[in-house]
Amino acid sequence: MIGILFTIFAPIIGGFVYGFERIIKARMQSRVGPPLLQPFYDFFKLMDKRALMIHSLHALMGIMYFISEWFAFGVLILGHDLLIAVFFHVIAVLALVIGASSVRSPYSVLGGLRELMHMISYEPLMVLMVIAFYVVTGSFNIENILHFDGYPILQLPLVFIAFVLTIPMLLQKSPFDIAEAHQELIGGPEIEYSGPFYEALYTGKWIEYLYVFTFVFLFAGSHYIVGAFLVIGVFLFINLLDNSTARLDFRRMVKFAWALLIPMAALNVILLAL
Amino acid sequence: MGFFSKFRKKSPWILHYNTGGCNGCDIEILAALGPKYDIERFGMLNRGNPKQSDILLVTGPVTKHCKDVLRRLYLEMPEPKVVVAMGACAHGGGIFRDFYHVENGVDNIIPVDVWIPGCAPRVEAVIDGMVEAVEIWQQKTKEKEYMRNHNEVIHKLGVEDDG
Numbered sequence: 016m017i018g019i020l021f022t023i024f025a026p027i028i029g030g031f032v033y034g035f036e037r038i039i040k041a042r043m044q045s046r047v048g049p050p051l052l053q054p055f056y057d058f059f060k061l062m063d064k065r066a067l068m069i070h071s072l073h074a075l076m077g078i079m080y081f082i083s084e085w086f087a088f089g090v091l092i093l094g095h096d097l098l099i100a101v102f103f104h105v106i107a108v109l110a111l112v113i114g115a116s117s118v119r120s121p122y123s124v125l126g127g128l129r130e131l132m133h134m135i136s137y138e139p140l141m142v143l144m145v146i147a148f149y150v151v152t153g154s155f156n157i158e159n160i161l162h163f164d165g166y167p168i169l170q171l172p173l174v175f176i177a178f179v180l181t182i183p184m185l186l187q188k189s190p191f192d193i194a195e196a197h198q199e200l201i202g203g204p205e206i207e208y209s210g211p212f213y214e215a216l217y218t219g220k221w222i223e224y225l226y227v228f229t230f231v232f233l234f235a236g237s238h239y240i241v242g243a244f245l246v247i248g249v250f251l252f253i254n255l256l257d258n259s260t261a262r263l264d265f266r267r268m269v270k271f272a273w274a275l276l277i278p279m280a281a282l283n284v285i286l287l288a289l
Numbered sequence: 003m004g005f006f007s008k009f010r011k012k013s014p015w016i017l018h019y020n021t022g023g024c025n026g027c028d029i030e031i032l033a034a035l036g037p038k039y040d041i042e043r044f045g046m047l048n049r050g051n052p053k054q055s056d057i058l059l060v061t062g063p064v065t066k067h068c069k070d071v072l073r074r075l076y077l078e079m080p081e082p083k084v085v086v087a088m089g090a091c092a093h094g095g096g097i098f099r100d101f102y103h104v105e106n107g108v109d110n111i112i113p114v115d116v117w118i119p120g121c122a123p124r125v126e127a128v129i130d131g132m133v134e135a136v137e138i139w140q141q142k143t144k145e146k147e148y149m150r151n152h153n154e155v156i157h158k159l160g161v162e163d164d165g
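The listed protein sequences correspond, in order, to chains A and B.
Using our numbering, read the first sequence as starting at 16 and increasing by one per residue.
Using our numbering, read the second sequence as starting at 3 and increasing by one per residue.
Chain A with its partners taken away, still in its complex shape (with noise of 0.2 Å):
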């Protein structure tokens, strides 16, 4: 029940998250930020400007990444197969890439590009991640991992450590926000959409939000009190990172990945298995 809800008003909670970070963003620069409803009031006026559109398949693409991030986060959450969850945000990245790559704009391809690169980096983490589960709680079933005796950040620390470092991947901050890089792409993959296209971006980044927390919360297994510490923290930690470090290279993005980030996790779950 509690899974249904939470699908269905995705958007609006994803809302209040991005309004609630870009208030502790603020209060961090030592400002004091813009109303907590703000990404709603960004939402309705997106909706009352002229919709100008590149061309029909960019616009589709647009709306695929919203649908599929929402269909991913839905899978993740109503108790099905963790693996199908994170195949579904795939796809939905790779419509955002295949949108920014259908326009002449050089710098939405090279988003687009960049956004690949992104995903070398993250995925087969996120797959490793969802190894890890089955390996301690023995089901790829978010039900199973919610009901699980015990805590496994205590036997997946490693792996722990390695996904809070590539979710600033995956939520595009400081220091890997290299596809989105404002001040160079001005929004990458983003550039092309307007009015209500880019609500559908917009909106897609919220439920990304809590896509990516939701798994910070299994860590913690049938604790739930511990789960919602877990995330605060890591919301905080990354905000953090976010507003103290500067944009890297997308080598280095990639290199940490694959000779430090997976080895680890990598590591943890042999070290497990074995």
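These are computed hints drawn from the structure, not numbers from a lab.
Computed from a predicted structure; not experimentally measured.
Hints should not be assumed to be uniformly reliable.
Here are the simulated lysine-lysine pairs, BS3-like style, with alpha carbons at most 30 Å apart [as the list claims (entries may be wrong)]:
1. Lys40/A with Lys188/A
2. Lys66/B with Lys146/B
3. Lys146/B with Lys11/B
4. Lys142/B with Lys8/B
5. Lys158/B with Lys69/B
6. Lys144/B with Lys220/A
7. Lys12/B with Lys220/A
8. Lys38/B with Lys40/A
9. Lys270/A with Lys188/A
10. Lys146/B with Lys8/B
11. Lys12/B with Lys40/A
12. Lys8/B with Lys40/A
13. Lys8/B with Lys66/B
14. Lys12/B with Lys38/B
15. Lys12/B with Lys146/B
16. Lys142/B with Lys11/B
17. Lys11/B with Lys40/A
18. Lys38/B with Lys8/B
19. Lys40/A with Lys270/A
20. Lys12/B with Lys158/B
21. Lys8/B with Lys144/B
22. Lys38/B with Lys188/A
23. Lys188/A with Lys220/A
24. Lys220/A with Lys40/A
25. Lys146/B with Lys69/B
26. Lys158/B with Lys144/B
27. Lys142/B with Lys12/B
28. Lys188/A with Lys12/B
29. Lys220/A with Lys11/B
30. Lys146/B with Lys158/B
31. Lys11/B with Lys188/A
32. Lys38/B with Lys11/B
33. Lys8/B with Lys220/A
Since the structure of chain A is provided, determine the placement of chain B on it from the hints.
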């Protein structure tokens, strides 16, 4: 004026473009974004992307090189949109007036809705101008807006059929 028009004043997104000024105005704009004045309180963001922006904030006297870029930025912004000219240069060339390389202000290229006087304007003046721009923005509709000499420009480029 529909249901959604009420939310316009809550989130004006700014596109800032310098057309060859001395950067004094731009520093004031950055100061407005900083901790002391923090215009993000009012939902204003410096987007840097014409397709997602609502207010075009222009500084500088519009050099001949910038002319086409400015025109293009204006046409790329989806309606409803507002143009704000900031600083003495943008009003009519300022210190650069009648030089060989300037177009004597923003109004010679695109229609301007709000003028912010000063050289450079204080941050309070910028915020005041933004508030006025938002008021004008709320009156506007989704209808397509063009430059004053749009037909002439289109004719010169020979692209009448693209419309």
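Against the structure, the hints come out as follows:
With a C-alpha separation of about 12 Å, the suggested pair Lys40/A and Lys188/A falls inside the 30 Å cut-off, and the hint holds. For the suggested pair Lys66/B and Lys146/B, the alpha carbons sit about 26 Å apart, so the restraint of at most 30 Å is met. For the suggested pair Lys146/B and Lys11/B, the alpha carbons sit about 20 Å apart, so the restraint of at most 30 Å is met. Restraint check for Lys142/B and Lys8/B: satisfied, since their Cα atoms lie roughly 12 Å apart, inside the 30 Å limit.
Proximity of Lys158/B to Lys69/B is assessed by CA-CA distance (about 15 Å); at most 30 Å being required, the pair is judged to hold. Restraint check: the Cα-Cα separation between Lys144/B and Lys220/A comes to about 27 Å, which is no more than 30 Å; the hinted pair holds. At most 30 Å may separate the alpha-carbon atoms for a hinted pair to count; Lys12/B and Lys220/A meet this at roughly 21 Å. Our distance criterion of 30 Å between C-alpha atoms is met by Lys38/B and Lys40/A, whose separation comes to about 15 Å.
Straight-line distance between C-alpha atoms of Lys270/A and Lys188/A comes to about 17 Å, which keeps the hinted pair within the 30 Å bound. The suggested pairing of Lys146/B with Lys8/B holds, with an alpha-carbon distance near 20 Å, which does not exceed 30 Å. Annotation: proposed proximity of Lys12/B to Lys40/A holds, straight-line Cα distance about 19 Å (limit 30 Å). A distance of roughly 27 Å separates the Cα atoms of Lys8/B and Lys40/A; the hinted pair therefore holds under the 30 Å criterion.
Of the supplied pair hints, the one linking Lys8/B and Lys66/B is violated, its CA atoms being roughly 39 Å apart against a limit of 30 Å. With a CA separation close to 20 Å, the supplied pair Lys12/B and Lys38/B stays within the 30 Å bound. With a CA separation close to 23 Å, the supplied pair Lys12/B and Lys146/B stays within the 30 Å bound. With a CA separation close to 12 Å, the supplied pair Lys142/B and Lys11/B stays within the 30 Å bound.
In summary, the hint linking Lys11/B to Lys40/A is supported, as the alpha carbons are separated by about 22 Å, within the 30 Å threshold. Restraint check for Lys38/B and Lys8/B: the C-alpha separation of about 28 Å stays at or below 30 Å, so the hint holds. A hinted pair counts as satisfied when its Cα atoms are at most 30 Å apart, and Lys40/A with Lys270/A qualifies at roughly 28 Å. Of the pairs offered as hints, the one joining Lys12/B and Lys158/B is violated, with about 40 Å between alpha carbons and a cut-off of 30 Å exceeded.
Note on Lys8/B and Lys144/B: the hinted pairing holds, with a Cα-Cα distance of about 14 Å set against a maximum of 30 Å. At most 30 Å may separate the alpha-carbon atoms for a hinted pair to count; Lys38/B and Lys188/A meet this at roughly 25 Å. Distance restraint check for Lys188/A and Lys220/A: the Cα-Cα separation of roughly 12 Å lies within the 30 Å cut-off, and the hinted pair is therefore satisfied. For a cut-off of 30 Å, the pair hint linking Lys220/A to Lys40/A stands: about 17 Å separates their Cα positions.
As the CA atoms of Lys146/B and Lys69/B are separated by approximately 21 Å, the hinted pair is consistent with the 30 Å bound. The straight-line distance between the Cα atoms of Lys158/B and Lys144/B is roughly 27 Å, inside the 30 Å bound, and the hint therefore holds. Pair hint Lys142/B plus Lys12/B holds up; C-alpha atoms about 15 Å apart against a cutoff of 30 Å. Distance check on the hinted pair: Lys188/A and Lys12/B sit about 25 Å apart at the alpha-carbon level, within 30 Å; holds.
Proximity of Lys220/A to Lys11/B is assessed by CA-CA distance (about 23 Å); at most 30 Å being required, the pair is judged to hold. Restraint check: the Cα-Cα separation between Lys146/B and Lys158/B comes to about 21 Å, which is no more than 30 Å; the hinted pair holds. For the proposed pair Lys11/B and Lys188/A, the alpha carbon gap of about 28 Å is at most 30 Å, so the pair holds. Among the hinted pairs, Lys38/B with Lys11/B is consistent with the structure: their alpha-carbon atoms are about 22 Å apart, no more than 30 Å.
This hinted pair checks out: Lys8/B and Lys220/A have alpha carbons roughly 24 Å apart, not beyond 30 Å.
Hint check: violations occur at hints 13, 20; the rest are consistent with the structure.
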